[in-house]
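Engineer: Sequence:
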Amino acid sequence: MPGAAAEQIASLEVRMPGLLRTLRDDVACVKARDPAARFTLEILLTYPGVHAVLLHRLANRLWKAGARFPARLLSWFARLTTNVDIHPGATIGRRFFIDHGAGVVIGETAEVGDDVTLYHGVTLGGTSWSPGKRHPTLRDGVLVGAGAKILGPIEVGANARVGANSVVIEDVPPGMTVVGIPGKVVRDPRERRRLAHGRIDLEHHLMPDPVGQALSALLDRIDFLEARVAHLQRPRRGEAVPGCDICDEGKAP
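Be aware that the sequence shown starts at 342, since it is given in our numbering, and climbs by one per residue.
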């Protein structure tokens, strides 16, 4: 029996050379991105994000083959069971991981590269009725924090990061970080991106705060200007201060 099962798997790989290999990669990448993942069987049985990706791979095959209704039906079933809504027309790269797998929405013309990670509540949405490209493109290695919304036919460059709850409506250069509403591009310190053993960066608390930095700079400038004004308003030696009786003593009438 084990030999027959191995032969069946081998024959499947011959008929679908890319699909099974891609599915294996989707499962294997979880251990490198989720510290709670322990072994493969647990991932296969208990990770809704993995289930959603596996079902999307099949639905996408049907969609490309022209079986549009079965593809939509399968994607509806995936949404019903995983709470992840991926349109069967979306293009998803290899080793794609949706952590926690809840409330994620990926539109029809969205394109996702290899080694991309999304957390719960992420939306890759459209902003128009245009029949063409209307959803975002995420290049390889992008990480999108929980609750972030990336809207329109924009591009998020390779290895960029989108902070939690950010709303991104403009292109993001490679290797940069976007935070805020609307999203602001900030430079991410490279030394914080050095990872051990190829694991994903989970240090979300190190996200920069451009609004806070701007307010801090503004407060520093106000303090400086107040000090300058106080210095300029100080009376010079021998100069009377209005309303000061003591200063007027000793002066000739």
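Rather than coming from a laboratory, the hints here were simulated on the basis of the structure. Be aware that a few hints might be false.
If you anchor each label on the Cβ, the simulated ranges turn out as follows [unchecked claim]:
hint: 1; residue 1: 564; residue 2: 387; range: 52 to 60 Å
hint: 2; residue 1: 554; residue 2: 369; range: 18 to 26 Å
hint: 3; residue 1: 523; residue 2: 360; range: 18 to 26 Å
hint: 4; residue 1: 468; residue 2: 569; range: 40 to 48 Å
hint: 5; residue 1: 376; residue 2: 559; range: 53 to 61 Å
hint: 6; residue 1: 523; residue 2: 402; range: 33 to 41 Å
Listed next, the in silico SDA-like pairs over lysine to any residue satisfying Cα-Cα at most 25 Å (straight line) [stated by the list, open to error]:
hint: 7; residue 1: 372; residue 2: 442
hint: 8; residue 1: 525; residue 2: 566
hint: 9; residue 1: 372; residue 2: 461
hint: 10; residue 1: 525; residue 2: 487
hint: 11; residue 1: 474; residue 2: 441
hint: 12; residue 1: 372; residue 2: 403
hint: 13; residue 1: 525; residue 2: 573
hint: 14; residue 1: 405; residue 2: 387
hint: 15; residue 1: 405; residue 2: 372
hint: 16; residue 1: 405; residue 2: 420
hint: 17; residue 1: 474; residue 2: 448
hint: 18; residue 1: 405; residue 2: 487
hint: 19; residue 1: 405; residue 2: 446
hint: 20; residue 1: 405; residue 2: 426
hint: 21; residue 1: 474; residue 2: 450
hint: 22; residue 1: 372; residue 2: 450
Since we're looking at a predicted model, the values are computed, not measured. Ideal Cβ placement from N, Cα and C applies to all residues, glycine included.
Engineer: Against the 25 Å threshold, does the CA-CA distance of residue 405 and residue 387 hold or violate the hint?
Structural biologist: violated (29 Å)
Engineer: Measure nothing beyond the straight line between the CA atoms of residue 372 and residue 461; if it is 25 Å or shorter, mark the hint as holding.
Structural biologist: holds (18 Å)
Engineer: May I ask you to test the hint 18 to 26 Å on the CB atoms belonging to residue 523 and residue 360?
Structural biologist: Given a distance of about 38 Å, which is not inside 18 to 26 Å, the answer is violated.
Engineer: Are the Cα positions of residue 372 and residue 450 separated by 25 Å at most?
Structural biologist: violated (29 Å)
Engineer: Within 25 Å, alpha carbon to alpha carbon, are residue 405 and residue 487?
Structural biologist: violated (30 Å)
Engineer: Can you tell me whether the CB distance of residue 376 to residue 559 sits inside 53 to 61 Å?
Structural biologist: violated (39 Å)
Engineer: Need the status of pair residue 474, residue 441: alpha-carbon distance at most 25 Å?
Structural biologist: violated (28 Å)
Engineer: Does residue 372 pair with residue 442 here, judged by a C-alpha cut-off of 25 Å?
Structural biologist: Answer holds: residue 372 to residue 442 is near 15 Å, not above 25 Å.
Engineer: Do the Cβ positions of residue 468 and residue 569 conform to the proposed distance bound of 40 to 48 Å?
Structural biologist: Once the Cβ atoms are compared, 47 Å apart, the range 40 to 48 Å for residue 569 and residue 468 holds.
Engineer: Residue 405 and residue 446 were given as a pair; does the straight-line alpha-carbon distance stay at or below 25 Å?
Structural biologist: holds (20 Å)
Engineer: Look at the Cβ atoms of residue 523 and residue 402 and judge whether their distance stays inside 33 to 41 Å.
Structural biologist: Holds, since residue 523 and residue 402 (Cβ atoms, about 36 Å apart) stay within the stated range.
Engineer: Taking the Cβ atom of residue 564 and the Cβ atom of residue 387, is their distance within the range 52 to 60 Å?
Structural biologist: Since residue 564 and residue 387 have Cβ atoms about 54 Å apart, the given range 52 to 60 Å holds.
The structure does not agree with the numbered hints 2, 3, 5, 8, 11, 12, 13, 14, 15, 18 and 22 stated previously, though it agrees with the rest.
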